[in-house]
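With our numbering as the guide, the letters of the sequence shown map in order to residues 71 to 213.
Honestly, the hints are just simulated from the structure, not real lab data.
Among the hints, erroneous ones may be present.
[Claimed, not checked] Capping the alpha-carbon separation at 20 Å, the derived lysine to aspartate or glutamate pairs in DMTMM-like fashion look like this:
1. K155 / E190
2. K128 / E89
3. K143 / E108
4. K174 / D141
5. K74 / D140
6. K193 / E85
7. K143 / E213
8. K155 / E186
9. K193 / D149
10. K78 / D140
11. K78 / E213
12. K78 / E209
13. K74 / D141
14. K78 / D176
15. K173 / D140
16. K143 / D176
17. K193 / E205
18. K143 / E169
19. K193 / E203
20. K193 / E89
21. K78 / E89
22. K74 / E209
23. K74 / D176
24. K74 / E85
25. K128 / D201
26. K174 / D140
27. K128 / E205
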Amino acid sequence: MGKKFFSKEQCRVIEQAIERAELNCSGEIRVHVARRCEANVLDSAAQTFALLGMQRTKLRNGILFYFAADDHKFAVIGDCGINAKVTNDFWTTISGEMEQQFKKGDFVGGLCNAIERCGELLKQYFPYQSDDENELSNEVSFE
Numbered sequence: 071m072g073k074k075f076f077s078k079e080q081c082r083v084i085e086q087a088i089e090r091a092e093l094n095c096s097g098e099i100r101v102h103v104a105r106r107c108e109a110n111v112l113d114s115a116a117q118t119f120a121l122l123g124m125q126r127t128k129l130r131n132g133i134l135f136y137f138a139a140d141d142h143k144f145a146v147i148g149d150c151g152i153n154a155k156v157t158n159d160f161w162t163t164i165s166g167e168m169e170q171q172f173k174k175g176d177f178v179g180g181l182c183n184a185i186e187r188c189g190e191l192l193k194q195y196f197p198y199q200s201d202d203e204n205e206l207s208n209e210v211s212f213e
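Whole structure, please, built from the sequences with the hints as guidance.
Structure below.
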């Protein structure tokens, strides 16, 4: 599946959701699609987080939405700056909301809603600043 998981148009819709979310907060959001995930999905997401250089944001406030398309696995993880501020159920709440839409076959809608929800929830901890830089690409990346 890999690159075929999302069409070019679907990628653009996702990238627009990232842009909107990042106008709510100074957090940096990425979406990555892998073909397979033979290890624990959280471990694979953490490895991808590092490979994408997401730990290099100034406030350590990156979020990665990771998908293993062929294995039907996903994970949402954040950097230490976010984890130090959000409640323990933050990631499970976001993942649970996504999973409900995924079960209906609405991958793009579930992902976009979760991305925008992250932007809304993070603005209390990482408000958008007028001099905010887009530190990470908004493009959907593929393995």
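Hints and how they fare:
1. Taking the CA atoms of K155 and E190, the gap is near 14 Å; set against the 20 Å cutoff, the hint holds.
2. For a cut-off of 20 Å, the pair hint linking K128 to E89 stands: about 18 Å separates their Cα positions.
3. The suggested pairing of K143 with E108 holds, with an alpha-carbon distance near 10 Å, which does not exceed 20 Å.
4. Only pairs whose Cα atoms come within 20 Å are accepted, and K174 paired with D141 is accepted, the gap being roughly 17 Å.
5. Restraint check for K74 and D140: the C-alpha separation of about 11 Å stays at or below 20 Å, so the hint holds.
6. Restraint check for K193 and E85: satisfied, since their Cα atoms lie roughly 19 Å apart, inside the 20 Å limit.
7. Annotation: proposed proximity of K143 to E213 holds, straight-line Cα distance about 14 Å (limit 20 Å).
8. Annotation: proposed proximity of K155 to E186 holds, straight-line Cα distance about 18 Å (limit 20 Å).
9. A C-alpha spacing of about 15 Å is found between K193 and D149, which places the hinted pair at or below 20 Å, so the restraint holds.
10. Proximity of K78 to D140 is assessed by CA-CA distance (about 19 Å); at most 20 Å being required, the pair is judged to hold.
11. Annotation: proposed proximity of K78 to E213 holds, straight-line Cα distance about 16 Å (limit 20 Å).
12. Proximity of K78 to E209 is assessed by CA-CA distance (about 11 Å); at most 20 Å being required, the pair is judged to hold.
13. Our distance criterion of 20 Å between C-alpha atoms is met by K74 and D141, whose separation comes to about 14 Å.
14. Restraint check for K78 and D176: satisfied, since their Cα atoms lie roughly 16 Å apart, inside the 20 Å limit.
15. Simply put, K173 and D140 have alpha-carbon atoms about 15 Å apart, close enough for the 20 Å limit, and the pair holds.
16. Distance hint between K143 and D176 is fulfilled; the C-alpha atoms sit about 15 Å from each other, no more than 20 Å.
17. A threshold of 20 Å between alpha carbons decides the hint, and for K193 with E205 the separation of about 17 Å falls inside it, so the pair holds.
18. The straight-line distance between the Cα atoms of K143 and E169 is roughly 10 Å, inside the 20 Å bound, and the hint therefore holds.
19. For the hint pairing K193 with E203, the CA-to-CA distance comes to about 15 Å; that is within 20 Å, so the pair holds.
20. For the hint pairing K193 with E89, the CA-to-CA distance comes to about 14 Å; that is within 20 Å, so the pair holds.
21. Distance hint between K78 and E89 is fulfilled; the C-alpha atoms sit about 16 Å from each other, no more than 20 Å.
22. Between K74 and E209 the CA atoms are separated by roughly 15 Å; this keeps the pair inside 20 Å, and the hint holds.
23. A distance of roughly 15 Å separates the Cα atoms of K74 and D176; the hinted pair therefore holds under the 20 Å criterion.
24. At roughly 16 Å between alpha-carbon atoms, K74 and E85 fall within 20 Å of each other, so this suggested pair holds.
25. Of the supplied pair hints, the one linking K128 and D201 holds, its CA atoms being roughly 13 Å apart against a limit of 20 Å.
26. The hinted pair formed by K174 and D140 meets the criterion: a straight-line CA distance of about 17 Å does not exceed 20 Å.
27. The suggested pairing of K128 with E205 holds, with an alpha-carbon distance near 8 Å, which does not exceed 20 Å.
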